[in-house]
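Engineer: Heads up: the protein sequence lines correspond to chains R and F, in order.
My numbering puts the first residue of the first sequence at 1, with every later residue one more than the last.
My numbering puts the first residue of the second sequence at 1, with every later residue one more than the last.
This list has only true hints and no planted wrong ones.
Capping the alpha-carbon separation at 20 Å, the derived lysine to aspartate or glutamate pairs in DMTMM-like fashion look like this:
#, chain 1, residue 1, chain 2, residue 2
1, R, Lys218, F, Glu85
2, F, Lys36, R, Glu259
3, R, Lys123, R, Glu35
4, F, Lys36, R, Asp264
5, R, Lys23, R, Glu35
Hints were generated in silico from the structure; no laboratory data involved.
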Amino acid sequence: MAHDTQAAHGHMQDHEGHVLGVKADLEYWRTERLEPRVLQLHRRGVLTLYDLLRAAAHLPSPPIGANEAAHDIEGRIRALEDGLDDYIRGIGLASIDPSEQPSVIEDTRKERGDYDDFFRIAKPHHDGTLEERIARLERDLREYQRLLQVLMHALLEKGVLTAQQLERQRAFLAGRGAWNGARIVARAWVDPAFKQALLARGREAVRELNIPPGRLGKLGVAENTATLHNVVVCTLCSCYPHDLLGDPPWWYRDDGFKEGVVRDPRGTLAHRFDLRLPESVEVRVHDSTSDVRWMVLPRRPAGTDGWSEEELARLVTIDALVGTAEALLPAALARNER
Amino acid sequence: MGAPEATHRFHVGDRVQVKHTNPAGNPRTPAYIRGKSGIVSSLHGRIDNPLDHHGVYPPLCSVLFPVGEVFGGASRDTLSVDLHEDWLAPAGP
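Make a model of the complete structure from these sequences and hints.
Structural biologist: This is the structure we're talking about:
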């Protein structure tokens, strides 16, 4: 009986948690990503508010919430989460730097108030019943998406971005599953504060890199050190942070790998993956449930002082994220790319 | 969300034993670890994960087991297994 009560209560908490999550993510992306960008473009005269008005006039408004009433609460929350993902992907597309110079991030940080609270964009305060808050979020999301849609249209119309650039970016964003993991690792190597945030609250920390939060419970990050090497496995199924990192290597689902790495981690790494670790290094295997999905934070290779994040990210392979390899050495990278 | 510690029955450093069976609980505990003892190494709190399960499971711990104690042999390597607290009982020091 007690169990039933707890489960029912837990189910409600579930909805609460998700609605809070959507709200937090949505407002983060709006106030720290999209709108600072809009303001920046306007201030610079690259794309003004009047350009947006002109573009909006050519764009029909989308139909208003046609099928929202048809869903139950859970369906509506799920639709909100999907809409949020689209919104975040769209912001990624709209955030191509036309000049191809990596200055935008610094500028929008200033613009969004990272260095001065005065510039912070206010966030709405929602209260009321769960259903009322969901309805508010649906309306907000619709309006935020509309601004994004108009921005995109105006960027193209004014020639700030070309359709070709957009297509390239779209393809890049779609195919960069493992690249996300590599970028996370590279940022952690160069930015100790990011690393701390990543280890403590991984799912929230990766927003900084324009990576959509995805539908995972919690992201676990296992850090390799001079005396500890981590490997990830899911013996019960094949849990992996897919949403964040794309698909794992094919052998991740292989029973031979699962069985071997649990019974004899060191031997499996040596024989199957040719990764021979000294006795002084403990091998730790993380067997996950679906609730925490793990990735490995490999060690930064020697000889990479002064490298940019982009260069560093190219050293991080999908195997390194699972822990069956270390990050590439600079020499290996040169070999691979020849 | 909140501090995960608040929801937990166990603490980091506690020695725990994995139950052999747990009819009331969820099935997500690997067979090889049942009946074994380990040390709680981190606490994750209750995790919302509606794609994989409908209700909320009890708080989740990472528990550390020496490979040698689980499978025999001299290995000093470790297994860190994520386990929900309803699968765990306190074990002697």
